[in-house]
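Undergrad: As a plain string of letters, each chain reads:
2 protein chains.
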Amino acid sequence: MKSVYFDNAATTAPRPEVVEAMHAVLSEQFGNPSSTHTFGRSSKALIEGARKEIAKTLSCKPSEIIFTSGGTEADNCIIRSCVRDLGVRRIITSKIEHHAVLHAVDSMSEEYGVEVEYVALDSYGSVDYSSLESLLGLAGAKKTLVTLMHVNNEIGNLLDLQKVGRICETYGAYFHSDTVQSIGHYYLDLAQLPVHFLTAAAHKFHGPKGVGFMYIRSDCRVRSFIVGGAQERGLRAGTESIHDIVGLESAFKLAYRHLDSERSYVLSLKTAFVQGVKEHIPTAHFNGYSADLEKSTYTLVNLRIPIIGDKATMLLFHLDLHGIACSQGSACQSGSNKGSHVLNEIVTEEEKWMPSLRFSFSIFNTLEEVEYTIKVLKNFVKEV
Amino acid sequence: MKSVYFDNAATTAPRPEVVEAMHAVLSEQFGNPSSTHTFGRSSKALIEGARKEIAKTLSCKPSEIIFTSGGTEADNCIIRSCVRDLGVRRIITSKIEHHAVLHAVDSMSEEYGVEVEYVALDSYGSVDYSSLESLLGLAGAKKTLVTLMHVNNEIGNLLDLQKVGRICETYGAYFHSDTVQSIGHYYLDLAQLPVHFLTAAAHKFHGPKGVGFMYIRSDCRVRSFIVGGAQERGLRAGTESIHDIVGLESAFKLAYRHLDSERSYVLSLKTAFVQGVKEHIPTAHFNGYSADLEKSTYTLVNLRIPIIGDKATMLLFHLDLHGIACSQGSACQSGSNKGSHVLNEIVTEEEKWMPSLRFSFSIFNTLEEVEYTIKVLKNFVKEV
Chain A
3 MKSVYFDNAA TTAPRPEVVE AMHAVLSEQF GNPSSTHTFG RSSKALIEGA RKEIAKTLSC
63 KPSEIIFTSG GTEADNCIIR SCVRDLGVRR IITSKIEHHA VLHAVDSMSE EYGVEVEYVA
123 LDSYGSVDYS SLESLLGLAG AKKTLVTLMH VNNEIGNLLD LQKVGRICET YGAYFHSDTV
183 QSIGHYYLDL AQLPVHFLTA AAHKFHGPKG VGFMYIRSDC RVRSFIVGGA QERGLRAGTE
243 SIHDIVGLES AFKLAYRHLD SERSYVLSLK TAFVQGVKEH IPTAHFNGYS ADLEKSTYTL
303 VNLRIPIIGD KATMLLFHLD LHGIACSQGS ACQSGSNKGS HVLNEIVTEE EKWMPSLRFS
363 FSIFNTLEEV EYTIKVLKNF VKEV
Chain B
3 MKSVYFDNAA TTAPRPEVVE AMHAVLSEQF GNPSSTHTFG RSSKALIEGA RKEIAKTLSC
63 KPSEIIFTSG GTEADNCIIR SCVRDLGVRR IITSKIEHHA VLHAVDSMSE EYGVEVEYVA
123 LDSYGSVDYS SLESLLGLAG AKKTLVTLMH VNNEIGNLLD LQKVGRICET YGAYFHSDTV
183 QSIGHYYLDL AQLPVHFLTA AAHKFHGPKG VGFMYIRSDC RVRSFIVGGA QERGLRAGTE
243 SIHDIVGLES AFKLAYRHLD SERSYVLSLK TAFVQGVKEH IPTAHFNGYS ADLEKSTYTL
303 VNLRIPIIGD KATMLLFHLD LHGIACSQGS ACQSGSNKGS HVLNEIVTEE EKWMPSLRFS
363 FSIFNTLEEV EYTIKVLKNF VKEV
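So the protein lines, in turn, are chains A and B. In terms of the numbering used here, the first sequence opens at residue 3 and continues consecutively. In terms of the numbering used here, the second sequence opens at residue 3 and continues consecutively.
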């Protein structure tokens with residue numbers, strides 16, 4: 003049977019080079035980076051090398067990169083720090099952020115009574131920039147954090163980071179962007195991008211799970227979320243996972259070395275997929291801007307398919323039986339029974355009966371896989 | 003040059019079987035465990051298999067084992083949960099706990115005004131159980147958490163978990179033990195041990211860094227520390243690091259399969275080390291109970307050496323030059339300039355000028371390494 007993995011927004015396969023780099027560290031380098039002896043120093047050097055590599059590519063200082071156990075921890079840390087350490091009393095976000103952001107924001111509201119506002123979205127799920135400006139205008143003296151993701155993980159809509167950053171600057175607000183779906187896929191130049199905080203997860207760009215990083219601009223004096231030892235200059239306690247950090251570095255380096263050619267390739271798969279759907283499953287709709295190659299990431303599409311009842315329930319299972327892995331709602335919660343909170347915001351009541359599927363692509367996919375998937379999908383929709 | 007790694011309490015080398023198990027996962031299994039398709043389900047099965055394996059060995063329920071990014075996160079999570087979710091308003095701990103516990107306790111005092119008490123220690127750094135009882139007797143109606151580590155990471159003193167657990171039971175207090183230095187080295191039978199929370203880190207028992215677990219007794223209804231997706235039954239958000247969890251499982255399984263024989267072997271190294279010191283460096287003192295094979299873990303010794311001035315400063319460097327890695331103070335903070343907070347509690351003012359060294363052993367060490375180290379140490383102490 004064929005095996006087609008079209009769930010790359012949920013997680014990606016590590017590149018073989020990443021796996022080998024990690025294997026070498028696991029086999030040969032085990033010192034605790036906090037130890038001052040030879041074993042410790044060589045582990046420390048690996049971590050600092052990774053930090054410099056990332057900082058160079060993103061045009062920031064190495065000290066602004068803090069390793070974490072992943073994107074979720076990074077989002078939690080930043081949002082909590084803003085409230086606890088930077089005096090933030092108001093958070094502006096959107097209802098279609100990742101749960102790592104939304105639930106962290108909810109905690110701040112519960113624990114600290116922080117005021118929470120949600121920007122308006124257009125009918126495709128993109129942020130209404132004028133709504134953001136009006137909300138910021140109403141902030142008064144309350145220190146505000148704006149947290150809006152760069153690439154939406156379910157529908158792929160892109161945020162204009164530069165524009166949001168400038169607006170935040172004008173109103174003196176902090177700006178955090180969950181860039182978990184964009185780091186490794188888009189160039190980010192922090193020398194000119196007005197953003198205070200970013201978050202990344204290696205497993206979204208062919209690195210290992212369980213490791214990520216935060217960018218914390220040097221003028222933001224925050225404290226640690228996880229406390230204990232003095233690792234990461236006191237900003238993140240816990241013995242560093244060297245093999246995972248080296249895996250992250252390797253994946254990051256390769257992603258940016260090949261970004262242009264790989265983007266073209268993955269975009270060609272998405273383009274073919276969109277074309278295929280339009281041609282062979284004309285009754286399908288695209289959620290958000292996911293069919294718009296300008297307003298949406300090149301890595302995914304999100305489809306709404308007009309089938310009903312048992313057939314709708316069977317859709318994902320049918321694809322799985324045909325060896326096709328994709329996601330219904332967000333992959334990060336596809337095991338749960340709740341509908342996607344993102345689609346709930348943008349799909350009308352009349353359309354909610356239609357099942358939605360996210361197909362997300364990577365360099366390890368092929369055009370043949372796209373064609374095969376369109377065929378399986380078409381036949382399923384056609385059958386009575 | 004020789005290369006002797008005697009800093010196994012800071013971190014251990016992963017077993018080759020662990021490295022291979024992780025390599026296989028990294029090469030072949032990358033699905034997101036939250037995804038419902040084939041790729042996701044097989045990753046999920048790996049995690050649930052690891053959970054069952056650990057639960058079986060510790061005689062608890064699989065649902066009581068929650069994977070984390072390590073011991074520090076686990077300690078933070080448990081201590082915060084006790085205060086936020088279980089109504090704890092008073093914490094009893096000791097001044098020689100790991101910083102992951104002490105700093106988490108400090109945060110609870112700052113953020114929630116939780117009252118903090120420290121048990122008295124005897125002059126060797128062991129907990130005075132009657133002091134614990136009197137403190138518990140004074141708690142009044144305030145819900146109390148007792149957090150005391152099983153094996154002290156610097157001096158190796160053992161806590162009587164059974165005894166402390168019974169005392170806590172009598173006074174209706176919650177009991178957390180940081181078992182980071184003991185899981186994988188000691189049998190723990192949770193079917194009869196009266197403890198609510200334990201914490202573990204794989205890299206302390208020849209597993210990978212960046213992964214650990216918490217034991218949370220099923221009657222303790224706590225909430226997540228890191229919030230976001232519904233992973234780990236809602237108790238720890240963030241995509242699970244499958245390769246690290248499989249590495250943890252492999253290390254855990256092997257540690258318990260070979261525990262008796264490996265304990266004998268490591269104990270023979272410690273015994274030889276203690277004998278060697280007594281014979282060849284008779285002016286040296288042992289910190290805590292570390293020379294007492296009953297009251298201290300078999301994995302480490304902590305020495306105080308009567309040398310002064312520049313020579314004292316050079317000690318660790320001298321050993322490193324001879325290829326011997328050990329730790330001055332706690333390895334987890336040996337990169338920092340502060341003295342060990344543990345030794346500060348038990349060493350008298352008159353003894354504080356003497357440098358202290360921790361030597362910690364593992365199955366990968368040899369008797370020859372012990373003899374070599376004693377010789378190097380002896381010659382250094384002897385030289386003018």
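Since the hints were made in silico from the structure, they are not lab data. Everything numeric in this text was worked out from a predicted model, so none of it was measured. Some hints could be false.
The calculated label-pair distances, taken between Cβ atoms and stated as ranges, are [unchecked claim]:
#	chain 1	residue 1	chain 2	residue 2	range
1	B	Lys63	A	Lys58	40 to 50 Å
2	B	Asp221	A	Asp221	27 to 37 Å
3	B	Gln164	A	Thr315	49 to 59 Å
4	A	Tyr189	B	Trp355	24 to 34 Å
5	B	Thr350	A	Ser29	42 to 52 Å
6	B	Asp87	A	Ala274	44 to 54 Å
Every residue, glycine too, gets a C-beta built ideally from N, C-alpha and C.
Undergrad: Go ahead and decide if the range 27 to 37 Å is satisfied by the Cβ distance of aspartate 221 of chain B to aspartate 221 of chain A.
TA: violated (46 Å)
Undergrad: Please test the hint of 44 to 54 Å on the beta carbon pair from aspartate 87 of chain B and alanine 274 of chain A.
TA: Roughly 50 Å apart at Cβ, these two residues keep to the hinted range, so it holds.
Undergrad: Has the hinted range 42 to 52 Å been met by the Cβ atoms of threonine 350 of chain B and serine 29 of chain A?
TA: About 45 Å separates the Cβ atoms of threonine 350 of chain B and serine 29 of chain A, which means 42 to 52 Å holds.
Undergrad: Given the hint of 40 to 50 Å, check if lysine 63 of chain B and lysine 58 of chain A actually sit that far apart at their C-beta atoms.
TA: Hint holds: Cβ distance 48 Å, inside 40 to 50 Å.
Undergrad: Falls inside 24 to 34 Å, the C-beta gap from tyrosine 189 of chain A to tryptophan 355 of chain B?
TA: violated (56 Å)
Undergrad: At the C-beta level, are glutamine 164 of chain B and threonine 315 of chain A separated by a distance inside 49 to 59 Å?
TA: At roughly 52 Å between Cβ atoms, threonine 315 of chain A and glutamine 164 of chain B fall inside 49 to 59 Å, so the hint holds.
Going down the numbered hints, you'll see the structure goes against 2, 4, while the others check out.
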